[in-house]
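The hints should help you fit chain B onto chain A, whose structure is shown.
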Amino acid sequence: MEKPVLELSGVCKRYDALVAVDDLDLSLRTGEFLTLLGPSGSGKTTTLMMVAGLQQPDAGAITLNGAPVADLPPYRRDIGMVFQNYALFPHMTVRRNIAFPLEMRGIGRDEIGRLVDEALELVKLPGLGDRLPRQLSGGQQQRVALARALVYRPALLLMDEPLGALDRKLREQLQLEIKRVHRDRSISVLYVTHDQEEALTMSDRIAVFNHGRIEQIGTPEELYDKPETRFVAGFIGDTNFLSGRAVGVSGDGVCEIDTAAGRIRASTRQPIAAGATVSVAVRPERVVLAPTQDDAAGMAGTVVDVIFLGTARKYVVRLADGSECIALRQVSDRPLDIGGSAVRLSWPVERATAFPA
Amino acid sequence: MAPWRALRATLVVLVALFLLAPLVVVVVISFSAAPFLQFPPPGFSLRWYDLLFTTPAWTNALLVSVELLVPSSILATILGTAAAYGLVRGRIPGATAIMACLMLPIVVPGMITAAALFGIYRGLGLNGTLTGLIIGHTVLHIPYVVATVASALRVQDAQLEQAAATLGAPPWATFRHVTLPLIMPAVLSSLLVAMILSFDELIVSLFVSSARVRPVAVQMWSNLLGDFDPTIAAIATVCFVFALLVLVADLALRAGRSLRPA
Chain A
615 MEKPVLELSG VCKRYDALVA VDDLDLSLRT GEFLTLLGPS GSGKTTTLMM VAGLQQPDAG
675 AITLNGAPVA DLPPYRRDIG MVFQNYALFP HMTVRRNIAF PLEMRGIGRD EIGRLVDEAL
735 ELVKLPGLGD RLPRQLSGGQ QQRVALARAL VYRPALLLMD EPLGALDRKL REQLQLEIKR
795 VHRDRSISVL YVTHDQEEAL TMSDRIAVFN HGRIEQIGTP EELYDKPETR FVAGFIGDTN
855 FLSGRAVGVS GDGVCEIDTA AGRIRASTRQ PIAAGATVSV AVRPERVVLA PTQDDAAGMA
915 GTVVDVIFLG TARKYVVRLA DGSECIALRQ VSDRPLDIGG SAVRLSWPVE RATAFPA
Chain B
77 MAPWRALRAT LVVLVALFLL APLVVVVVIS FSAAPFLQFP PPGFSLRWYD LLFTTPAWTN
137 ALLVSVELLV PSSILATILG TAAAYGLVRG RIPGATAIMA CLMLPIVVPG MITAAALFGI
197 YRGLGLNGTL TGLIIGHTVL HIPYVVATVA SALRVQDAQL EQAAATLGAP PWATFRHVTL
257 PLIMPAVLSS LLVAMILSFD ELIVSLFVSS ARVRPVAVQM WSNLLGDFDP TIAAIATVCF
317 VFALLVLVAD LALRAGRSLR PA
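Heads up: the protein sequence lines correspond to chains A and B, in order.
Per the numbering used here, the very first residue in the first sequence carries number 615; after that it's consecutive.
Per the numbering used here, the very first residue in the second sequence carries number 77; after that it's consecutive.
Just chain A, same shape as in the assembly:
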């Protein structure tokens, strides 16, 4: 196993009564793109700031490249950082902004010129070197900030909601750019965002934060298909939550649940007692709709709306208890012959997860 470039163990940070980060363990492998994902106030930015050395942990240890950094000020940690609001020096040209970290490292003038050109090339901004930051668009400014944080090849790149101030189209474009730069330079990235789609698009692994703790850490696929907590299931992607009462759990982790609309099955990774109230998470694209006369197991419902989304159709199904369940079908699939509007809902049992409610 390769040595981690960054390791946090037992890190705590509190602001007066508020616990921002609670006993956090985390490690980042060399060359990995790890995203801290969570709602605002969940401790992800505080974690990033402590790695940067801009905030001090109250307890725990942070190790960068194998060496503890507790006593190192930010300027002596081998990191690069990209801020949400770019934080470009407004009185310096683009070139001087990018040259700044090189000047601080005492690199020669010729070498600086060469490295700055290379960095501008990397973020596809050659020719804009003599502009001032305020003469650039938001997307261009963030590219400059990225170039400035990469030009001295730090061991670790920290990014704090770098695309938060940009509009959707530009954001998606820059996500791919950042991904490309990450691949080309094979740098290690610790990325903070509250946007789950962004996290899914970019990350090798995602750590889902909630109330200063990591709920789950894993690849995008793992988090999406096998959420370990109800919070993760709800925070990542669209999910239907169906509530019911557990009837029993079989040895292979399949739980049978009675709901107002019928008996359903779901897999579970947590101990669930018979009779307990449970919440079942199932993705809309995993819900299979069938004509109701088909007398298989599953829930009965009524299609109340069909929405055309371009690549898919969204079926809004009302269940017996009045709650709604969403089902997605690709437009290219055989059109669903609903034959009226009463349907039966089912899914592969391993695609639904039951959580104690």
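Please keep in mind that the hints were generated in silico from the structure rather than gathered at the bench.
Computed footprint of chain B on chain A, listed as stretches where at least three residues anywhere in the stretch have a Cβ under 8 angstroms from a Cβ of chain B: (1) 678-689; (2) 710-719; (3) 759-767.
The beta-carbon is built from N, C-alpha and C at its ideal position, and this holds for glycine as well.
Same frame as chain A, but now just chain B:
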């Protein structure tokens, strides 16, 4: 609409006249040919300026004022900027209280400050010395620098300094390359204000100065106490022109900054 606009214009003109009239009178009298203060003057001459720049008491006072205002305004600017930076950016316990203390020379009656300085200087042998005057003026004018620079620092994004730190800049380099260039207009402004205030300052100078080390304001004061002639109008005009030049310099600096691409 129209009558209101006319009324407003009239008011503006009246206020401007009210503010400018005494100044105009003084400037006109300084060119008077009459041996006493008379307005309008019976004729014009440069005799009072001639007298001003040939009388040792006045030339000496002008020299003392320059020797006083240059070092004291520079000292006040350096110390005040350092204090503002530390108080606004640092995590100093009781920063608000310290800031309030630094502002005291503005709040406390000048007479009290002057008497206190006089008392302390007596023990140190600083009364009647240029050094004593420089220290006094520095203390008096630090609050103006602190207030100006602190407000410039507060509108300046502190994240820029954090960014500089992550890019490898130690605190001094960050201050030198990032913070200082961005607050430079405020620093220069407060330097110029400190110069004007120093040239104008009377109370502390009155207590601390001596017959040998006597700045312009004190010389004017003692001149006014005796039998005064239009020389006083001539020196007042000199003071006025000095302040005007400094203000123009300040404006030019600001205009230059906003025009320059950097």
